[in-house]
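There are 2 protein chains.
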Amino acid sequence: MRQESGDASLLRRLNSAAILRILRGGEVVTLTELARAARVSRPTAEGIVEDLLAKEWAEECDGGPADRQRGRPARRFRFHGSAGHVIGVDVGGYKLLAVTADLNGEILATRRVAVSPDMPQADRIGAVAALVEESVVDRAKLAAVVVGTTGVVDETGRVVKSVAIPEWTGVHLQAELAGLIPVPILVENDMRLAVLAEHWRGVAAGYRDVVYLFTGNRIGLGLLIGGRLHRGSHAASGEIGDQSSGYRLAFRNVIDYAMSADPGELRSPGRAAEFAVGRARAGDEAAARAVEAFATRLAEGLVTIVNPLDPELVVVGGGLSQAGALLVEPIQRHLNRVTLYPPEVVASRLGNESVALGAVRLALDHLDRTLFTQAL
Amino acid sequence: MRQESGDASLLRRLNSAAILRILRGGEVVTLTELARAARVSRPTAEGIVEDLLAKEWAEECDGGPADRQRGRPARRFRFHGSAGHVIGVDVGGYKLLAVTADLNGEILATRRVAVSPDMPQADRIGAVAALVEESVVDRAKLAAVVVGTTGVVDETGRVVKSVAIPEWTGVHLQAELAGLIPVPILVENDMRLAVLAEHWRGVAAGYRDVVYLFTGNRIGLGLLIGGRLHRGSHAASGEIGDQSSGYRLAFRNVIDYAMSADPGELRSPGRAAEFAVGRARAGDEAAARAVEAFATRLAEGLVTIVNPLDPELVVVGGGLSQAGALLVEPIQRHLNRVTLYPPEVVASRLGNESVALGAVRLALDHLDRTLFTQAL
DNA sequence: CCTACTTAAACAAGAGTCTTTCATATTTAC
DNA sequence: GTAAATATGAAAGACTCTTGTTTAAGTAGG
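Chains as they are written, first to last, in our numbering: chain A, 1 to 376; chain B, 377 to 752.
Please note that the accuracy of each hint is not assured.
Straight-line Cα separation of at most 20 Å, DMTMM-like style, residue types lysine to aspartate or glutamate; simulated pairs [unchecked claim]:
#1 B:K537 <-> B:D494
#2 B:K537 <-> A:E312
#3 A:K161 <-> B:E688
#4 A:K95 <-> A:E167
#5 A:K95 <-> A:D123
Using C-beta positions, here's what the derived DEER-type ranges look like [stated by the list, open to error]:
#6 B:E720 <-> A:G170: 23 to 33 Å
#7 B:E531 <-> A:D262: 50 to 60 Å
#8 B:V489 <-> A:G25: 51 to 61 Å
#9 B:R412 <-> A:R70: 48 to 58 Å
#10 A:E329 <-> B:E531: 22 to 32 Å
#11 B:S385 <-> A:D365: 28 to 38 Å
#12 A:Q374 <-> B:R412: 22 to 32 Å
#13 A:G170 <-> B:S644: 20 to 30 Å
#14 A:D365 <-> B:E482: 35 to 45 Å
#15 A:G206 <-> B:V539: 26 to 36 Å
No lab work stands behind these hints: they were computed from the structure.
Here a beta-carbon is modelled for each residue, glycine too, at the ideal position from N, C-alpha and C.
Full structure from sequences and hints, please.
Spelled out as structure tokens, the structure:
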């Protein structure tokens with residue numbers, strides 16, 4: 001339970017947090033603007049900024065000759081984004097992806113490594129650790145690392161269960177990495193990071209209730225409810241791939257199509273779907289029917305969650321989101337037909353970086369909650 | 377966006393709110409206990425209690441001879457529950473139910489009126505208004521009225537759509553009642569009030585993620601997510617009765633049984649289910665099978681929401697919840713078999729007062745948010 | 001080049017709240 | 001009756017905020 005009372009210093013913490021939040025927006029601001037935005041007096045804003053400068057969380061910068069007005073020039077400040085950086089990692093079956101960003105969320109680097117789903121556990125951990133090591137810009141300034149992975153991840157950072165990467169089940173990823181790098185490390189389910197990314201820089205920006213449907217080799221859900229990430233009581237929220245037969249059956253159509261159109265090749269469900277999408281794009285009628293049937297099956301599964309939750313938006317992400325309208329339109333049509341209040345359906349535009357990007361966002365959120373709130 | 381900064385007076389408001397929240401717990405407390413619990417100094421607690429006494433939100437009371445210890449006796453205080461009262465109303469198809477409670481949540485009176493689903497709109501409004509009028513204890517002390525009704529209720533208090541009471545669609549219940557009674561009036565969907573009641577005084581007390589399944593003549597869901605009531609973007613959360621064929625089909629088994637066992641009578645789905653439950657209790661094998669099939673169908677529908685949401689608890693409420701284990705056990709079995717992390721399944725014990733009770737709780741919550749926070 | 005104007009910064013004074021500390025009051029236990 | 005325990009009440013001191021005044025640093029125009 002949060003402490004709701006406090007002494008005089010609480011006031012300073014509150015006001016500091018308000019100022020900091022404005023700076024975290026990324027703009028260059030003057031003291032007067034800051035004071036007005038935070039609804040405090042100028043001397044107060046000044047004192048707080050002084051503190052932040054001393055802590056090196058803010059920096060003074062000249063506004064450039066562009067915004068010279070009459071009168072004495074204002075001192076200008078901004079969040080000291082380069083004071084630190086974070087690393088967001090996406091651990092997938094076939095690839096590892098690390099995105100390094102500064103505290104303003106500016107991407108500094110992106111690294112990708114190909115791996116195999118049946119890689120031994122120790123090797124995969126080693127590969128993740130090596131990728132993180134490579135991505136470090138400055139050891140002293142690394143502030144947090146967030147790793148997104150498939151499967152159920154408990155609050156201690158253990159992968160309790162992973163269907164997509166069987167070898168991965170049981171690994172205590174947080175502990176493994178914490179031994180190597182002395183910064184806060186968080187492990188989170190990849191679906192949830194993806195929906196976070198969409199809410200940050202994707203198609204879900206500004207929405208509060210969002211259902212994120214991942215479609216690739218597997219099917220998964222990520223839920224944003226009331227503007228907050230939903231984790232569930234066992235952090236198992238969104239685990240629908242295994243049992244829920246509707247989603248599994250969805251692939252049947254595209255697999256059948258791929259088998260009949262190109263019997264020579266054996267494809268995973270995701271590859272079969274990609275194949276069918278490609279052919280449909282090229283004008284193949286049978287492929288188009290198979291993709292439409294696939295999309296409709298997905299939509300039928302979505303109805304059971306859309307009706308109870310009543311979200312504003314459904315985001316289709318994952319490898320198959322590049323199918324775009326081919327996938328989105330049949331889903332939208334079905335929801336329009338069947339649900340009382342159909343949400344908008346859109347395809348993700350973040351591509352395959354969404355999980356790593358969401359990991360960066362979670363790292364920044366974590367810093368906001370801990371460092372920037374408790375240490376004021 | 378909430379204001380996160382403030383001047384010195386904010387501190388007092390914060391601390392007052394902390395003290396008030398403790399008093400709202402209902403206990404009789406001394407100043408020292410209050411100061412310790414709210415983590416403020418004794419003089420601060422004293423000053424705040426003085427304010428609250430002046431506003432008549434708190435009252436001094438002697439502790440009785442029971443708790444005489446050594447030392448100078450402490451002054452004792454409690455929330456002034458009788459300073460006001462609220463009314464919670466359940467508008468159903470067949471009955472209206474009003475519960476009057478004081479600000480401590482103590483029930484003062486309960487009133488019930490039988491109505492008919494095809495009652496004209498105006499008559500029903502009149503009946504609700506009359507029931508509220510009757511339930512008023514002291515006009516000057518009535519603090520809020522909350523009405524729970526079936527159907528989709530928008531944020532202005534209009535019944536946008538009601539399936540169970542067709543005549544009810546489109547009525548602006550909030551406006552109709554606001555003209556009659558000069559206190560805050562809120563209208564809310566009945567499922568959501570029911571889950572609120574379970575969380576307050578029912579089987580869901582202490583849980584944060586709860587799925588409430590209403591079973592009676594209709595099927596509905598109420599969701600508590602992260603300790604908060606989920607409304608959805610169109611306030612349509614939980615509207616699954618119409619289209620979601622799984623739930624509709626659930627009644628098929630009990631209706632078939634009722635038709636075959638007692639062909640003379642035509643029963644609504646809910647009555648058929650009640651009939652089957654009664655016979656199953658009496659030892660009828662066919663009835664038991666029908667009820668079990670009914671429960672399993674419900675569970676199959678629940679799976680599609682339990683898997684994505686990962687709740688801790690499923691509460692079965694509504695008229696059929698009196699079936700108890702007959703309904704709960706097959707549902708629990710099915711969820712255990714099919715879901716990764718099966719939630720606990722329990723039957724409501726609040727009976728048919730849960731909606732009105734939840735309405736009382738919402739009224740009290742509303743007062744906490746408005747009066748007791750903004751007017752400090 | 002100098003003056004007037006505009007805007008920001010720096011400083012000082014005053015008010016509100018909280019905490020700590022000390023003296024006083026009231027009751028029980030022995 | 002005295003000592004111990006607990007509560008009350010008042011005073012002093014610290015922290016933060018706000019308002020108001022003065023000083024500083026530029027631009028605009030003659």
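Given the hint that B:K537 pairs with A:E312, does the C-alpha gap stay at or below 20 Å?
Judged against 20 Å, a Cα distance of about 19 Å means the pair holds.
So the hint says 23 to 33 Å: do the beta-carbon atoms of B:E720 and A:G170 match that?
Since B:E720 and A:G170 have Cβ atoms about 25 Å apart, the given range 23 to 33 Å holds.
Within 20 to 30 Å or not, the Cβ separation of A:G170 and B:S644?
Between A:G170 and B:S644, where Cβ atoms are some 51 Å apart, the hint is violated.
26 to 36 Å as the expected CB spacing between B:V539 and A:G206, which holds or is violated:
Given a distance of about 32 Å, which is inside 26 to 36 Å, the answer is holds.
Quickly compare the C-alpha distance for A:K95 and A:E167 to 20 Å and report which way the hint goes.
holds (15 Å)
For A:K161 and B:E688, compute the direct alpha-carbon distance and say whether it is at most 20 Å.
Holds, at about 19 Å.
Please test the hint of 22 to 32 Å on the beta carbon pair from A:E329 and B:E531.
Cβ of A:E329 to Cβ of B:E531: about 31 Å, so the range 22 to 32 Å holds.
Is A:K95 within 20 Å of A:D123, Cα to Cα?
Given pair A:K95, A:D123 holds - Cα atoms ~13 Å apart, limit 20 Å.
Given the hint of 28 to 38 Å, check if B:S385 and A:D365 actually sit that far apart at their C-beta atoms.
Once the Cβ atoms are compared, 31 Å apart, the range 28 to 38 Å for A:D365 and B:S385 holds.
Given the hint of 51 to 61 Å, is the C-beta distance from B:V489 to A:G25 inside that range or not?
At roughly 55 Å between Cβ atoms, A:G25 and B:V489 fall inside 51 to 61 Å, so the hint holds.
Given a hinted range of 50 to 60 Å, is it respected by the beta-carbon distance of B:E531 and A:D262?
holds (53 Å)
Between the beta carbons of A:Q374 and B:R412, is the distance compatible with 22 to 32 Å?
holds (23 Å)
Violation of the numbered hints given earlier is confined to hint 13; every other hint is satisfied by the structure.
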